[in-house]
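S.K.: Sequence:
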Amino acid sequence: MLTIRSLAASALACAFLSANPSLVAADYTVKADAASTVQGSWDGWGTSLCWWANVFGDRADIADALFTLNETVAVDGAGDIPGLGFNIARYNIGGSSSNVVDDSGTEVAMKTSENMPAFKFMESFWLDWMSKDAASTSWNWKADAKQRAMLTLANQRGANQLEAFSNSPPWWMTNNRATAGGADGKKDNLQEWNHDEFVLYLATVVSKAKSDWGIKFTFVEPFNEPSETWWEFPGKQEGCHFSVDTQQTILPLLRKQLDALELQDVAIATSDENSATEALHTLDTMSGNADVMGSFEKVNTHGYQGLEAYRGPDRGGLRDLTKKLMKSLWDSEYGEKDATGLTMAESIGLDINEMGVSGFVYWQALDSGGWGLIQSNPGDKWIGTPNPKYYVMAQYSRHVRPGMQILASDDAKTVLGYDSAEKLLVVVTVNMGDAQTVTFDLASFAAVAGPINAWTTETSGKGALHKASTVKATGKSFSAAFPAGSVMTFEIEGVTLAA
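Going by UniProt numbering, the first residue of the sequence shown is number 1, and it counts up by one from there.
Derived from the structure by calculation, the hints contain no laboratory data.
C-beta: ideal position from N, C-alpha, C; glycine also.
It cannot be assumed that every hint is accurate.
Computed cross-link-like contacts, PhoX-like style, restricted to lysine-lysine with a CA-CA straight-line distance of at most 25 Å [said to hold, decoys possible]:
id, residue 1, residue 2
1, Lys142, Lys208
2, Lys186, Lys132
3, Lys111, Lys210
4, Lys413, Lys472
5, Lys132, Lys208
6, Lys256, Lys208
7, Lys142, Lys381
8, Lys423, Lys381
Each pair of labels, with its calculated beta carbon distance range [claimed, not checked]:
id, residue 1, residue 2, range
9, Lys208, Lys324, 33 to 43 Å
10, Asn453, Thr249, 18 to 28 Å
11, Thr249, Lys208, 23 to 33 Å
12, Ala109, Lys324, 40 to 50 Å
13, Glu71, Gly288, 47 to 57 Å
14, Ala498, Asp76, 44 to 54 Å
15, Ser98, Glu422, 44 to 54 Å
16, Thr285, Trp230, 16 to 26 Å
17, Ala498, Asn453, 21 to 31 Å
18, Glu354, Trp230, 40 to 50 Å
19, Thr37, Asp80, 33 to 43 Å
Please work from the sequences and hints to get the whole structure.
M.R.: If you want it as structure tokens, here you go:
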């Protein structure tokens, strides 16, 4: 049956291909390079929990879909979808609250934005400045129940890379007593005298999670797109500008506070800039400060720069600088409105092969307008069916698993994952254009025994969304017929590297 969903996806795919006539391509060969490693160990795939988990966080079925490798999961209107097997969950430490503070007879409350919907209101645990004691009434540990619930559900299902991050400090720490942006987006909105309080807040939440929630965060990130100037009140979400100088002040303070709370095993990530260009500028500025560089282990960048043409001029520079500084690199927030998943598939390949990321995090797993992996409107608590993008994500996340070595090829849109213990090679390729045959040359491997299992996702809405098949190898190569606008995954068994 041709559903509204499939018609919409078909229209999106047709529009995408019509706007990109260069994507009509001939058959070609991808040559693997078994001797070249892109990443020694893949960290994983995941999603942010805010904002969707602020509404749907108590849903075990959604947790099953996102954080398990179950063959079939039922979520509302979709009764037979594969689990994505995400192992990364990013938890948002909120800054908003609706309490009123009696400040020596004057009532003080958060300045609210009429543009920020309720599902983006991320509750703060620290309600006022009266006490730093986390056991006092200045703190509310019942806050943010649904997002915390999803964090627990994800962890129970195997999510082992847990990252806490902040979009805004608590409202009472800001200059304008608001979380939805400052009065001037070019200026810091965190009050200078609240730097210590801000890092205490983040570290205390991470400590509380460990002691009371059974959650051990791997990373904590104090910023979100901090260099951008669009964080102005009344904004549509929590957001706060931090100058690079202020970031350099905050990071060592946060490291010191984490250590004081015996959280030496929690690493800091920074700075979640909007683009590779901003991330490179921030990292380059920080690189001369030994105290700052010693405070964090991972660089986070967002993937919003230049979706077409792809992807901005500084991706290679960011890759090279993070390697030089011996930091890991994630695309910690990626999202766009192409419901087919083709744009995302191309982005994944280029992020891994050209920018050198070791982790890929999708922004909103449930959202509207093609942004979500699952079509949804958290504002009215509605969940629809998965977009083709969901099944495209499954091609990568179900097969290129954490701990795999990422190998190189001569095609940036092809991802190669290798498990030496299992002698398993995973190849994922996206065909952005018309139907074509792709040949995979594996001559650089010592042995290619097979068999080869394959999975296909056609993004038009008319074909298979998750079709399994087998492919025959001819010596150390094999060929596959790719439908138009499709993603295919191949698992080749009995593969060994050269001695």
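S.K.: Next, verify each hint and record whether it holds.
M.R.: Against the structure, the hints:
| no. | hint | in the structure |
| --- | --- | --- |
| 1 | Lys142 to Lys208 | holds, 12 Å |
| 2 | Lys186 to Lys132 | violated, 30 Å |
| 3 | Lys111 to Lys210 | violated, 32 Å |
| 4 | Lys413 to Lys472 | holds, 22 Å |
| 5 | Lys132 to Lys208 | holds, 14 Å |
| 6 | Lys256 to Lys208 | holds, 17 Å |
| 7 | Lys142 to Lys381 | holds, 22 Å |
| 8 | Lys423 to Lys381 | violated, 44 Å |
| 9 | Lys208 to Lys324: 33 to 43 Å | holds, 36 Å |
| 10 | Asn453 to Thr249: 18 to 28 Å | violated, 52 Å |
| 11 | Thr249 to Lys208: 23 to 33 Å | holds, 25 Å |
| 12 | Ala109 to Lys324: 40 to 50 Å | holds, 47 Å |
| 13 | Glu71 to Gly288: 47 to 57 Å | holds, 51 Å |
| 14 | Ala498 to Asp76: 44 to 54 Å | holds, 49 Å |
| 15 | Ser98 to Glu422: 44 to 54 Å | holds, 52 Å |
| 16 | Thr285 to Trp230: 16 to 26 Å | holds, 20 Å |
| 17 | Ala498 to Asn453: 21 to 31 Å | holds, 24 Å |
| 18 | Glu354 to Trp230: 40 to 50 Å | violated, 27 Å |
| 19 | Thr37 to Asp80: 33 to 43 Å | holds, 37 Å |
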